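Student: Chain residues, written in single-letter form:
There are 2 protein chains.
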Amino acid sequence: MTEPSPADEGWIDEHHQGVRYGLAGQVLVDEQSAFQRITVIDSERYGKGLLLDGCWMTAERQERHYHESLVHPALCSAEAIERILVIGGGDGGTARECLRHAGVRHLDMVEIDGRVVELSQKHLASLGAGCWNDPRFRLTVGDGIAWAAGCDDASYDVVIVDGSDPAGPAEGLFNRSFFEHCRRILRPGGVFATQSESPEAFREVHIATVLLLQEVFGHADPLYGWVPMYPSGWWSWTFAAIDGPRYKKPDPQRAAAIAAGCEIWSTRWQSGAFEAMPASIERELQT
Amino acid sequence: MTEPSPADEGWIDEHHQGVRYGLAGQVLVDEQSAFQRITVIDSERYGKGLLLDGCWMTAERQERHYHESLVHPALCSAEAIERILVIGGGDGGTARECLRHAGVRHLDMVEIDGRVVELSQKHLASLGAGCWNDPRFRLTVGDGIAWAAGCDDASYDVVIVDGSDPAGPAEGLFNRSFFEHCRRILRPGGVFATQSESPEAFREVHIATVLLLQEVFGHADPLYGWVPMYPSGWWSWTFAAIDGPRYKKPDPQRAAAIAAGCEIWSTRWQSGAFEAMPASIERELQT
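Protein chains in written order, with the working numbering: chain L, -2 to 284; chain X, -2 to 284.
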């Protein structure tokens, strides 16, 4: 947790387990919503950025790593991609990357904190870009866990969880009951994706999340990449599906349609990122 | 550059382009050698750590990422591994990982700053571990660039450059003349390895280094991994060889002999790390 303050010599830091990661800049907004503390800053290195409860979430010039890694392995591999559910993702970056796929006809985004959406639309407009006005996009401000529980079976082709760490409003996004609903509401051939924390700074949560998804879905695999502003900079996203690890096989046509607009993601990068599991994590997942 | 100081509320930071990465702890040593400022700290999260000229180099509980990534792709793939040259590497971690390979008969380490070796032996003893007393190990305190220029042709099976950023004493470790000598002193079937900076925080140096090594050796490929304490946490190592990209094909017997002792490296991890090239870097390397 941090105490971002414009008085601290111009640095805004996240503190985590005796480590701090700070950006030089100034605080633009620092307020308490009904759910969490929301801080918007303007940084020298990465432009405007967002913290929730003192933890770095995203920044204008450091958001592609996270959003491309979370979205494209799922959107390139699900059997169909007509109906998408995004839980969380209030900054708009995940919806924006999904809507780059022409096959998407309807995207529900369920974000618990409407104030995150409002502040992102105002200060981080490049994150959501055109998503807010896309006719395929529908925002619901509400509880994504209740939303998943209330959906009919087989409602979506892809379910994406874009939440923060498992504390505060995001805590329920990492348990069996929630994952079972996510599986239930997927159509056959569907793919589930979630951020799954750092294998270094949140090692136990990371391993527990992967193992639980493997139990619930039958097939789940973590992909390892980078988000420099998150604790340790080393991050993971985990993909799950009922009918085999189809998330490892991107559709060539869908991949080709988005490739030129990606900074990080490519079919090559993705195949490497699924393989780049550190030896000690691999041993622990196998036992 | 940073100003590590025990008075700064107990934080020691590296500052880089409007970003700071700090560890909570205390400064044990802070002195100027003939070549650079050397700082040894004791941190809560990663144990004792080393900074050179205010930049994080290594720490007791965060050093495996770097050393395993640099050493094993080379030591597992060179045709022979009898004679090894390490340039830099004064903390001893690179030599330690090399000497885990039973096939190594002689290892020359040429470190410019003897004070780094002395302070590492005293404060970071687990880094070098048994290397300092291994009969196969020979330390020379001197200029690695001059050493490479002075070697006979085909002197080593593997040449490893374990230097700091291309400023100060390490500046000459990133240029054509030095790389040409590294190639010249390699035996046929030999492999060259160097840290090659961050594709995020040192993007231009990273790309220039890879391109230059491809020109000089004919074959060179970067591998992407993590060093949480380095700028952006996202790091690269580049491997080169004259007779094709043999560094991508680890010898199964050598790999099996070291696998159980590795935290990060495995043949699986390595194959992924060579593929996990971000799309924008791949485009730039191809043009």
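Errors might be hidden in some of the hints.
[Unchecked claim] 30 Å max Cα-Cα, derived DSSO-like pairs, lysine-lysine:
#: 1; chain 1: L; residue 1: K246; chain 2: X; residue 2: K119
#: 2; chain 1: L; residue 1: K119; chain 2: X; residue 2: K246
#: 3; chain 1: L; residue 1: K245; chain 2: X; residue 2: K246
[Stated by the list, open to error] Simulated DEER-style distance windows between Cβ atoms:
#: 4; chain 1: L; residue 1: G215; chain 2: X; residue 2: D240; range: 43 to 49 Å
#: 5; chain 1: L; residue 1: G258; chain 2: X; residue 2: G139; range: 56 to 62 Å
#: 6; chain 1: L; residue 1: V26; chain 2: X; residue 2: R173; range: 46 to 52 Å
#: 7; chain 1: X; residue 1: P249; chain 2: L; residue 2: R200; range: 39 to 45 Å
#: 8; chain 1: X; residue 1: R173; chain 2: L; residue 2: G215; range: 42 to 48 Å
#: 9; chain 1: L; residue 1: R200; chain 2: X; residue 2: E168; range: 32 to 38 Å
#: 10; chain 1: X; residue 1: A146; chain 2: L; residue 2: Q14; range: 55 to 61 Å
#: 11; chain 1: X; residue 1: Q250; chain 2: L; residue 2: R280; range: 19 to 25 Å
#: 12; chain 1: X; residue 1: K246; chain 2: L; residue 2: G100; range: 52 to 58 Å
What the hints contain is simulated information worked out from the structure, not anything from laboratory work. None of the values given here were measured: they were computed from a predicted structure. Glycine included, each C-beta is placed from N, C-alpha and C at the ideal position.
Student: Now look at each hint and say whether the structure bears it out.
Tutor: Hint check:
no.	hint	in the structure
1	L:K246 with X:K119	51 Å, violated
2	L:K119 with X:K246	51 Å, violated
3	L:K245 with X:K246	23 Å, holds
4	L:G215 with X:D240: 43 to 49 Å	44 Å, holds
5	L:G258 with X:G139: 56 to 62 Å	50 Å, violated
6	L:V26 with X:R173: 46 to 52 Å	50 Å, holds
7	X:P249 with L:R200: 39 to 45 Å	29 Å, violated
8	X:R173 with L:G215: 42 to 48 Å	53 Å, violated
9	L:R200 with X:E168: 32 to 38 Å	37 Å, holds
10	X:A146 with L:Q14: 55 to 61 Å	45 Å, violated
11	X:Q250 with L:R280: 19 to 25 Å	20 Å, holds
12	X:K246 with L:G100: 52 to 58 Å	39 Å, violated
Violated hints, in rising order: 1, 2, 5, 7, 8, 10 and 12; the structure is consistent with all others.
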